[in-house]
Structures are given as C-alpha cells and as structure tokens.
Amino acid sequence: MELLLKGLYRALDMLTSADPELVTILWLSLKVSVGAVVLALAIGLPIGTWLALGRFRGQRFLVALANAGMGLPPVVVGLTVAVLLWRSGPLGSWGLLYTPTAMVLAQLVIALPIVIALTISAIQSLDPRIRLEAMSLGASTIQMVSVLWREARLGIMAAAMAGFGGAISEVGAVLMVGGNIRGQTRVMTTAIVTETRMGHFDIAIALGILLLLLVFLANLVLTYLQQRQRYD
Amino acid sequence: MCSHGKISSMFQSKPRQYLRSSQTTAFRAVLALLSAALLLSGCSNKKSSDIILATTTSTYDTGLLDELIPAFTEKYGYKVKPIAVGTGEALTMGESGEADVLLVHAPAAEKAFMAAGHGVSRKRVMYNWFLLVGPDRDFADARAADNIAGAFQGISENKATFISRGDDSGTHKRELALWKASKKTPEKPWHQEAGQGMGATLRIADEKQGYTLTDEATFRAQQKSLSLRAFDFAGQDLKNNYSVIVVTKNPGSKAFSRFLVSRRGQSLIRKFRSPEYKKALFTPDAE
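Protein chains in written order, with numbering that gives the first Met the number 0: chain A, 0 to 231; chain B, 0 to 286.
Since the hints were made in silico from the structure, they are not lab data. We put the CB at the ideal spot given by N, CA and C, even for glycine. One thing to keep in mind: the hints can contain errors.
Claimed, not checked - Pairwise CB distance ranges, derived in the manner of DEER restraints: (1) 262(B) / 72(A): 44 to 50 Å; (2) 88(A) / 65(B): 43 to 49 Å; (3) 215(A) / 65(B): 30 to 36 Å; (4) 224(A) / 262(B): 56 to 62 Å.
Stated by the list, open to error - Computed footprint of chain B on chain A, listed as stretches where at least three residues anywhere in the stretch have a Cβ under 8 Å from a Cβ of chain B: (5) 76-88; (6) 174-180; (7) 196-210.
Make a model of the complete structure from these sequences and hints.
Following this line, the structure appears as structure tokens:
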C-alpha cells in the first residue's frame, strides 16, 4: 500500500519535472501506437467493409478469422515478426529489427484484426436499407462506402479506440521486436518491465499510472470526436 | 414498365459491381501500405554503423552498460543496441549472426562457441562472484557448510525450497554445474524453475523464503528491498567471469571489444557504482 502511494507521488514528481527520459518514452509509445492504429484503419476499414458486405465463398471463414484475430497473443506476434526481421530471416536485409518501425509493424498486426472485426460488426449492424437506398439513388461505390462509413462512424471510432488500446497496452511484441533499448525503442510497457526487474517498484508503479493517464487522454479525445459526431 | 426494368437491373448489377471495385480499393490500400513500409525500411537501412550487443541481464540491470555505452559511442561513433537476454540466448544470437558482439558469463559454453568457429575473438573483461542467498532462518543450515557443495547438499537433504533461474542463462548453467559437483540431483517440488531474469528470480526466492544462486552484482543492487541473506563461500568454483566475444566482421563490434578491455573501459568498470550499493560490483581483469 505504501508502495502504491510512493508510486503515485513519484508519478506526480515525474510529471511536474517533465523528466526528459520520461518524455521520450511517452512520446515514442504514443507515436508507435498511433502509427500502428492509423495503418490498421487504412488497411482494416476497406477489408472490414468488404467482408461485411461481400457474398462469396469463404466470407464467413474470413470473418471468423478476423474475430479470432482479436485474441492474437502479442508474444506470438512479436516472435513471428522478429523471426521475419532477423538478419537471417526473409526480411533481414531491411535492417528493421530493434527499430521503432518494427514496433509499428508488430502493433499493426495486433490492431488490424480488432479494427477489421469491429468494422464488420459496425457495418453489418447498419440498417440494410441505407445501402439499398444509396444504390437506388445511383451512388457510385465510393459514394456508397462513404455513406456507410458516415453512418457507422460510432462503431468505427470504437474500432479505432479498441485497436489503440490493444496496441499501446501490449508488452510482449514490442519487447521482442524493439529490444527495449534505452533512448531508442523503450516504450511505457517495456520500461515498466525493466524497472520492475531492477527492483525499482515505485518508478514502475509511477510509469503504470502515467500509462493509464496517457491511454485515458487519448480515448478522451477520440470519445469527444465520437460523441460530437453523434449530433451532427 | 420500362423504368421498372431499369431499377431492377440496377439492383442486380450494382452489388456485383460494388464488390469488384471495393476489392480493388482494398487492394490499392494494401499496395500503398507495402510501398510505405518499403520506404520506411529504406530510411532505417542506412544505419550500418549500428551494432547489436547481446548481453547478459546482470550488466544491463545493474546499470553498468548505461555507463559504458555512451562513453564508447562518444569515442568511436558507433551506436550500440544492447539487448538484455540470458547467456544461452546471447550465444544463440551470436551463432546465427543476429548479434554483432556478445557480453556473456558462461566460460564452458563460450569455449564451445569459439571451438565451433562462431566467434572471431574472445577476451576476458571483468569478474565478480556468485553468491548463494537464502532466507534468514536458514532452513538448510547453509551457514554451517564448509563450501558451496556442502551448502547445496544441505539444501537437497532438507528439501529446502530452491528457486532456479531455469532459463539457460550463465547463472543457470553454473547452478547446474554446482549441483553436479555436490553430487545431488535437484528434484521437484523443492527445486523450482522461475524461467525469468535474476531480479525476478530473487524476488520469487524472497517471497517463497527459498534459496537461489545469484550473481553478486544483481543481488547487491537490489539487496535493500529483499529479506534474503548472502552465504558467501568465495571459492574459485563461484568466480563469475565475463567475456566479450566478437561475432561479426562489423568494425563496430571489434571496436567495442577493444574499448571494454582498454584502460578507459576498465577504469569505467572499476569506478562503476550502483545508486543502491556504494561498493564496486565488478572487478576488471582484462589481460
């Protein structure tokens, strides 16, 4: 209990003093996870929409795959991406292992199924008449998809938030592909692991509090956007 | 009639058309993404002066590398990426060329590594001691033992809880060698494998009031928050030698190895103090 209070005090101290190392770590966490989610949306929205509307063989199987992918263990993702990026691996010549880019890729793999699966359910829960009406008015594909996305924006924002939450909170994948290098690839979650291992529990708890705060602030922004659009 | 036909044909043809073009949209997005990834990779490819150092956790967790690496980078200009793993994993990384240089502490395994031709050079850097640590109540009466083998025998005979690293690290390898030397076989349930680094293993031993073998540096750096006490036998069989092994032809790895054994590197090691413990944690011993 005393340790928790010590951690809280430490967190306040770190925040008010704007510890430069802490700022680097927070900033990298945010950059990597936001980057991963933006990419996941860019890929996942079209795929999710296609899977939601498509009528073809294997469509259900792909939807089930996306749903199962929401439970993808980050360590497995980390291991797979690391094996691909190893010097001896197929993408080794890219020289990406232990770089923030590799961390973005790993978190993208984690966030993508979440975005796809939630996009599918957001689109499918729309009134089917919306699509029919748009088509009957002669809407082009792009016009119709933009109508659907506008109608499903609450669900799509939820997909973005869930994807971001999955990305920023995981530790297994960034630890493996990033290497937790101080000043280069250390993010909030891996910093917490390191400080715990070193026996600096107060710092670890402080970092935990700050990570929660970061996640909350990011979601606050997204929620405001989401709820404002509700009244448009 | 005519307009009706038009509408129905629209309903029939549109969905299929929609499908096809949304497939191309998705395809285009994936293409754009792949090219973006390629661009990104192109950006980070130019850092050929980076070297990857696979290191044992003790040098990392005590903060020693935070002193050595900036001094090295300042002098030679190579950026170092230290990856903290157990010695077993570090040697595997060296074998497959994933790391450029290794800082490890398992002499027998290192000799085998060099004999197999995986390394370019191997140099002694520093040493400290392994310690047996355990609960203050000393269930196995380790303090009465003459040497480490006697203490291990006592633990085995009393079936006192022993927390093993269980992760193929240098410390784990040494522990297994010590069991062999004491002519006792570690058995479940009193012998438990943590599968984690030294810091976490010490924590588990503390909570379970068990014994464990630890490197001196990690224990001293965390001693304040642990209730374990050390049984210091300081025999040659407990000497913990750290070596640097150059694996790849990357000029940075050779420079790093030279730096560690140089007068500057050795003096940094001698002067290194953890904030939690005011005495030296490593003794430099380069030839």
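Hints and how they fare:
no.	hint	verdict
1	262(B) / 72(A): 44 to 50 Å	48 Å, holds
2	88(A) / 65(B): 43 to 49 Å	30 Å, violated
3	215(A) / 65(B): 30 to 36 Å	31 Å, holds
4	224(A) / 262(B): 56 to 62 Å	60 Å, holds
5	76-88	holds (count 3)
6	174-180	holds (count 3)
7	196-210	holds (count 4)
Hint 2 alone, counting from the list given before, is not met by this structure.
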